[in-house]
Amino acid sequence: MAKTYDYLFKLLLIGDSGVGKTCVLFRFSEDAFNTTFISTIGIDFKIRTIDLDGKKIKLQIWDTAGQERFRTITTAYYRGAMGIMLVYDITNEKSFENIKNWIRNIEENASADVEKMLLGNKCELEEKRQVSKERGEQLAIEYGIKFIETSAKASIRVEEAFFTLARDIKAKMEKKLEASNPPKGGHQLRASEPQRKPPSWLSRCTLL
Amino acid sequence: MHFEIMDYELPTNFDVVVVGTGIIESIISAAASRIGKTVLHVDSNNFYGGLSSSFNLESFLKLNIEKRKSICMEHSSLNDTETFFPINNSDFTLDEVTHQWNITNKNKNYSDEENSAQEDIIAKEICAKKWLKDDLLKESRKFNIDLTPKVQYARGDFIELLISSNIARYSEYRSITRVLTWFNNTLEVVPCSRSDIFANNKISIIEKRILMKFFTSLDDNEDLIIKDYASKTYKCFLTDKKLSKNLIHYILYAISNSTDSTLCLEGIGNTKKFLKSLGRFGKTPFLYSMFGSGDLPQEFCRLSAVFGSVFALDQPIHGLILEENSFKSILIGKQKIKAKNFVLGLNLTPDFFLNKVKKKFISRGVFITNKSIMDSDNEPLTLLLYPAENDKNPCTVLELPWLSSCCPKDTYLVHISCNQINNPEDDLKHCVKNLFTLNEDFKAFKPLIFYSSYFSIPTNSDENVNLHDFNNLFICPGPDSELDFVTAVSKAKELFLKMYPDDEFLPRAPDPEEIKWDGDEEPSDIAQ
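As given, the protein sequences belong to chains A and B, one line each in that order. Residues 1 to 208 (the UniProt record's numbering) are what the first sequence spells out, left to right. Residues 1 to 528 (the UniProt record's numbering) are what the second sequence spells out, left to right.
Hints should not be assumed to be uniformly reliable.
[As the list claims (entries may be wrong)] To give an idea of the chain B side of the interface with chain A (calculated C-beta under 8 Å), a few residues:
#, residue
1, ALA168
2, ILE421
3, ASN422
4, GLU425
[What the hints assert, rightly or not] Once the Cα atoms are required to be at most 30 Å apart in a straight line, the calculated DSS-like pairs of lysine-lysine come out as:
#, chain 1, residue 1, chain 2, residue 2
5, A, LYS172, B, LYS409
6, B, LYS409, A, LYS175
7, B, LYS142, A, LYS170
8, A, LYS176, B, LYS371
9, B, LYS138, A, LYS94
10, B, LYS336, A, LYS172
11, A, LYS10, B, LYS334
12, B, LYS142, A, LYS146
13, B, LYS371, A, LYS94
[Claimed, not checked] According to the in silico footprint, chain B covers these stretches of chain A (three or more CB under 8 Å from chain B):
#, region
14, 44-56
15, 59-73
16, 76-83
No wet-lab data here; the hints were simulated from the structure. Quick reminder that beta carbons are idealized off the backbone N, C-alpha and C, glycines included.
Isolated chain B (complex conformation) (with noise of 0.2 Å):
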């Protein structure tokens, strides 16, 4: 923001810090606010979100130059007790950035430049889907593109938080219309409701059959499939079962989700939870945020700032402090900030408590594209689980419409992820190669790629955390490459339960009208 002069100092004295403002970080400062609790919370960005955060084209262009300076410290402040542990500052560690457009400022169809405006025009009238690469960018805030993109399962933990928190209200979703695979080289429609498995003309009436007892089945026989199959993969379970091919593949690696070694139970637990989310919202078990992924922490903020945490963005963190065994304070520009508890995002986390394990990717591809990857009669949002090819991992691969607010009419953007083997571009090339073309003149289906980019996203565990037996400093892993945020809201629950054992995680907030203000009286619903 561009306000000349901070015109406060943070208040010195909470209950807990909380830095970073990635999903963990903002559900554990919703989640201690909604208690009671005084809350400081801090980013050393200028934004939301971190590594969840979503950006404008003009924004998402610039990401890779942005990377932050180191801060250095003084110590002057410290006593003799005090241990100082800088925070680490590579906190926004985007990687491997490129950037490349394959439109260009002028309209190559016109070599005549006085006629071109008007040509221009005319050929904008003809075909609407005529962009330039300055059309693109004048357009540049109708853009949400997510570092990490996630859909959520209808009736996933996250969703249900969300519903039972009252945090609902903050945010709109659209449910993804459908679910693909990529199977025999072609893309295919999942069938995903029992309406569409009888629309299928690709399975047999046999094969229909088949699928729904074994979706029954899975309910019925759960011990015997545990006492048979604990340590065996769920393709052997469905080849067991004598599914065709081609149900095996649906099932595998688009319902479950799953690779070929994917244990059974592990399976048939994301099958289930597949078809558990059928129906509750749409066709389709996901749903995807309007505006981008990057609002979800945002509203865990909101609701942390309505029970009174103190926000701060782009703040100069340069530390913890160590006394006696425990953190007492954090140093933050020229401030020594108290408090009992500190929660830091993963990538933010002194080098002190970091083995030194390898860290693990995410390859990350941003597209935009002028049609879909498979024509429809409406503007889809579209979930393509690509499976394993050769030496690849699997790919999900995200598009959306203008419809859910993340792009321009008359623009596709999507999103491709898998977990990173080579680079960026290597990992995911037969993918791309196979859904899209870079060639205008080329008249085949394919949508044109108008602009990509390729970077990759840490993914930080926290399995290389050690603690040291200091029971206030509670770290948050960073992005993970589940498709929604299942285990980003089971470990902010572990966490805050860990700071805090006999409250409530999240109870629902009051609505507005529920409120009373009465006189001079306190108000009666909100949390002590």
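Chain A extracted, bound-state conformation (with noise of 0.2 Å):
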């Protein structure tokens, strides 16, 4: 099959519950949103295909399958990520606060040179404010990384929030292609995989 993509960018989603992570993945991969799915049952990632400079680029966004919830976030989850969103949500200090664990998290159990963007999410819910924006600003200078306040709800700014983190993974990769890249060239077992015969030992054998 041929590929339809040039490359394909594996994105997790990470914060506390409740601040709209799942809505933020439907607003990017659908343009969709609806406050039913609060917990996300059956979600595992999303997948949306984007053009940047003219390279086809596949984005598979996973979810956490409400294991945030209490910090069970299995270490498998961040295996291949190339690039993480931290979201919290602007009118929630205790989630804002918690970006720092789950980076002491990630530091942990991601890849060292995965690309972080911080997310304040809600920002339709001005009158709710809790968090101002110059905090989410200081807190990503702090980690060097980008920063951004976006509206699921509202759709404000969440296209750009993927381009731009896309946009980092694809410089960072071209730029040191030939790098000591974590080793690619696993097996992913498909379903579609062919099915040969099993037995198949013998009746390839062709000498004898």
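Now that you have both chains on their own, put them together as the hints suggest.
See the structure below:
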């Protein structure tokens, strides 16, 4: 099957429960907003392919599947992630304070060169704001990462956020194409893998 | 993790509570969640996998001191009709753990301290494989050290389950590059594929014909074999087939992973399993999960979570509460959590249900070395099936290069396991001595050991469990000494079907694009 994209980026969403990670994901992948999927049942990841400087980039964006609630995200979740969106809720001080803990968690489990970005979500709820934009900016500067305030509900800057993250990953990747990338080329086991007849061990024997 | 305060209390009513995150518990958790049951999945450890877990080097070095304190519990929350069964909290019972470093922080070759820094750099450039202890510790996170390493047959039940349930999307695998055996005091490549057999210069043309004929005959004469060899050994069968000594060695000790006492039908079954798995993903029948075997239970936990299970690790799990002949709830911290069914890892099972049978152990060795046990052009993943010798059990040796994402570049991570006789170091001594050296100046071809560790893993089969007719308690055995997870899969399926006899065991999970979110309607493609 011909590849329909130039690059595949695995992105993760991370942050406290209820900050709107799934809503951000749906806004970006389906351009939809729906408050009924509060708990994220059945959602593993969503895919959207975007164009960046003439390259087709397939973004595979993974959701935490509720495992953030009691801080039990599996270490396997972080494998091979190239970008991470750290999401907090601007109307929830605690979710902002916990960003530091999530970053520590990322440092322990994700690849050292993973690209990170900070999102202050629910920016349409200005009247309920507990975290000023300046504090968000300040925290991002502290960690040397980019920052953006978004609203999944009002569809504000969600596109911009993912495009920025994707662009940064692409730039980083192209810069160190020959550097020591994590080993590639493991098997992804697919159901669509050609179903050869199993006991073909002898049928493929031509010499005896 | 470092979050100061737990923000939430656990919900208190479930269909199933699963205690422990070993492979069998995790498969059952995923299966129950997948058919729409509400599941609480907890562990008293702060990591996933229990004795099937993998660790980075730093955490691995701390393993021997991490025994958990037993938890006292207040009985005040019980009423008269309830009986309390405390959970056995010897849950993480690695035994006899030792760590030895064979390299120091200083480079021995340079006595002059002032120049050593600069010369170190030069030395590193000349010989890339010069490691100091600190260098390895700095790369700690690149290690994924399995407690219980597993390879999977490419057409074994575990891989088939990953594919049919769509859990395969969470993981990547590497093929084992070659299978070796130890024969006449030397390492030999076991011919796996047809081309291997023809390329092998240790087997004569006649032997090649006999071998090919033998493999064909396994499918043909099944009835006759069952009749004549039901109570005889596989070795006896192979000898009767007039196979030469070295062919018998390859088939018996490597291809069928058998011993002299393995029964004929079992040996034939193993041989067929090996042959069947050839050519699916690689030249050998075996696959190894990148980032270590410890990711495998986590992948089932992920699916379980995706379908709504609540996960909580590092939990103070006190015990089960029995009321009128069935278990009603479990005490976790100060919470009493109700459920219809309880699934427990054997090492977390109340002592009351365990007969006092002597525990069995697996002897384990872990080694970090500088090169492969057998030179190769590429960086091979090697499985060595080391036959029984004198009074020693057969050993399984798994050697992983950095491509497996289990160790840094220019090192190899080696796992050795066998069923325990005396103690780990003694059980594996002969194997280690034949494969490795500890002497840096020794100009041999053997790999140099930088670091070694020995420990014992309890292998808890469920033979010694007596459930006393309590029909809503399900006990999962601990790690086994099989190469793969075939027993784990069948045990998980058996327990799941006992719990939910009318439901499908892990039907295929939909791909994300198959799930349609239409306005406020419920998604159609997920279990009810």
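Going down the list of hints, with the structure as the test:
1. ALA168: holds (4 Å)
2. ILE421: Since chain A brings no Cβ nearer than about 34 Å to ILE421(B), farther than 8 Å, the hint is violated.
3. ASN422: violated (34 Å)
4. GLU425: violated (30 Å)
5. LYS172(A) x LYS409(B): Status holds; Cα separation ~22 Å.
6. LYS409(B) x LYS175(A): Holds: LYS409(B) and LYS175(A) sit about 22 Å apart, inside 30 Å.
7. LYS142(B) x LYS170(A): holds (24 Å)
8. LYS176(A) x LYS371(B): holds (27 Å)
9. LYS138(B) x LYS94(A): violated (33 Å)
10. LYS336(B) x LYS172(A): violated (50 Å)
11. LYS10(A) x LYS334(B): violated (40 Å)
12. LYS142(B) x LYS146(A): holds (27 Å)
13. LYS371(B) x LYS94(A): Not satisfied, since the Cα-Cα distance of roughly 49 Å exceeds 30 Å.
14. 44-56: holds (count 4)
15. 59-73: holds (count 7)
16. 76-83: As far as the region 76-83 of chain A goes, the hint holds, because 4 residues have Cβ atoms under 8 Å from chain B.
The structure is inconsistent with the numbered hints 2, 3, 4, 9, 10, 11 and 13, although it conforms to all the rest.
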